[in-house]
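Since chain A is already given, all that's left is putting chain B on it; use the hints.
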Amino acid sequence: MLTRFSLSALLVAALAITTGCQPSSTSSGSSASIRTTDSSDSVAGPVTLLNVSYDPTRELYSDFNKEFIKYWKEKTNQDVTIEQSHGGAGKQARAVIDGLKADVVTLALAYDMDEIAQRTDLFPVDWQSRLPNRSAPYTSTIVFLVRKGNPKGIKDWDDLIKPGIEVITPNPKTSGGARYNYLAAWGYAQRQNGGDEAKTKEFIAKLFKNVPVLDSGARGSTTTFVQRGIGDVLLAWENEALLAIDELGAGEVEIVVPSVSILAEPPVTVVDKNAASHGALKVANAYLQYLYAPKGQRLAAKHYYRPQQPEHADSADINRFPELELFSVYDEFGGWQEAQRKHFADGGVFDSIYLLQ
Amino acid sequence: MAAYSIPSTCSNSKNLGDTSQGKKKKLQMTKLRQRRVLPGFGLTMGYTVLYLSLIVLVPLVALFLRAAGLGWSEFWEAATSPRVLASYRLTFSTALIAAIINAVFGFLVAWTLVRYRFPGRRMMDAMVDLPFALPTAVSGIALTAVYSQNGWIGQYLEPLGVKVAFTPLGIIVAMTFIGLPFVVRTLQPAIADLEREAEEAAASLGASRWQTFIKVIVPSVLPALLTGFALSLARAIGEYGSVVFISGNMPMRTEITSLLIISKLEQYDYAGAAAVAVMMLVVSFALLLAINLVQRLSGRRYQGGV
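Each protein sequence line maps, in turn, to chains A and B. Start counting the first sequence at 23; every next residue gets the next number (the numbering used here). Start counting the second sequence at 245; every next residue gets the next number (the numbering used here).
The shape of chain A in the complex, shown without the other chains:
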């Protein structure tokens, strides 16, 4: 029995290495807790914060937490330990609703935060007005990732609906991030068609006809595009696209920036009730405010997010973000609740694309 187990373990390891895949995928609901510092004795009692976040912020917060701990120690002489939990945004929000003791939540879209506020009394429903910039200390947008040399000559959204172009995007029904992809395409088409919604629907239907695989999450789509070599263009968050290029080296894929895209605003908020229950309200608020401080803004830019105050960031980092016309979910779609109801709910516009086929 023992030998069988060790053999299995060996084979698992071998398999994992040869296929080059990581067990921490978006769909397996992995949420790793990282203890960033050891707390030592101090005047004010040590405190622990749990930051429940979504997948792509892993590297950003592991850097940011170190800075904040240093800053907080200098300012108040209190030791703070920050634990991180990462996973799909929707999954993380449901965990908080079901009782995960998050002190701050930092997710991909306001819709998930709204649901927490509405379904629990953890923080007020007007949470979004408590911090500047609709509570988004950093933003991003949707760009195209294409094969090296851009062999299909993809330049803008209308190239994506040409016959024979394969587009990779996650399923907007299961991936919060992919809803931005869909809405970005919608916003572009609305501009092209002068607001004619029937024509825009047609555009979206053509676009999704070119999608051969709908992965359940953003990381799955990246794998499909980069590792499997499927598709001509991947719709991705700018920060993920920049990260992918940095990790792969600039040899395989390159970024194409469309003429117009959506402003992705990943919001943050304090979970008042949880934080107050163990005397962490003050530090939790300071933690999020520090994201808006020069140091936080600088780190956000370093980790490929567009800072709200670019003047605080390294200019080399800022130069990675090209200028383009951006529209927000609030101006274009009347907010997340409205966008969700119209486009992504069961029986919404997205469903109708597939039921008509």
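Think of the hints as simulated: they come from the structure by calculation, not from any bench.
Okay, derived cross-link-like pairs now, DSSO-like style, lysine-lysine, Cα gap no bigger than 27 Å in a straight line:
| # | chain 1 | residue 1 | chain 2 | residue 2 |
| --- | --- | --- | --- | --- |
| 1 | A | K170 | B | K407 |
| 2 | A | K97 | A | K295 |
| 3 | A | K95 | A | K123 |
| 4 | B | K407 | A | K231 |
| 5 | A | K228 | B | K407 |
| 6 | A | K324 | A | K88 |
| 7 | A | K364 | A | K231 |
| 8 | A | K324 | A | K95 |
| 9 | A | K223 | A | K364 |
| 10 | A | K184 | A | K228 |
| 11 | A | K174 | B | K407 |
| 12 | B | K407 | A | K184 |
| 13 | A | K177 | A | K221 |
| 14 | A | K170 | A | K231 |
| 15 | A | K97 | A | K317 |
Covered, in the sense of this in silico footprint (three residues per stretch, anywhere, with C-beta under 8 Å from a C-beta of chain A), are these stretches of chain B:
| # | stretch |
| --- | --- |
| 16 | 393-406 |
| 17 | 486-496 |
| 18 | 505-511 |
No residue lacks a Cβ here, since even glycine has one placed at the ideal position from N, Cα and C.
This is chain B only, laid out in the frame that chain A set:
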């Protein structure tokens, strides 16, 4: 919930009924009771009920209650919309095919591992457990890597016009992968228990190899085979992690039911998700019950003969 509690209490009360049938039997029971070494029925049964309730029943009750939050018409609408129906068809048919494949080839694997001694047998035996050990997402990604159009196997199938990844065929591959250990592990002891003398006797009585296989071997391992088949089927129906990577998740075509449940949860439609889950559970339970029945019938049929 009702569906779940009935069978267990049923068989339980039947046992009680049997024991109180005649005085003779009662006497036997008391004799038996005296002979027991370990603490008896009361303690173990109490523990069984508590354990099953905590682990299985309570979550299922919660699920049914969630679904009951919907009215009947809403429930029906959520559980039978066209997209959901398409996913049932896909999930149950692919799971059935995968379980059949496993029953055939799992039998072969179990037979080889039990009956023959060859170098590398232990290694092979250990490999059977791998689908258990791997996180399902890993197996999904690994299978997709192998079977996609530029994968090790996929690149040779592509020119032949066979697409595996991102088609129902890929779903069958993933379900076969995760279900294999169930068949092999349930069959191995059954095959090891087979008496070779019976096969020799059959041969000496003039049975052909085929007749020996069909009339001697298959009947005696059939209950184990059916158990393995049922487990593998049940696992395949509920599988999520490995399938979503290889299925491509195209609405109406390659969306499995578990994915639709997740996508409902993603909209915070807990009741709708529970409705689909309940539907799936009821059908799965009916299937398992039917297999159980077949198993019992086949056992009875051959018990007299052997």
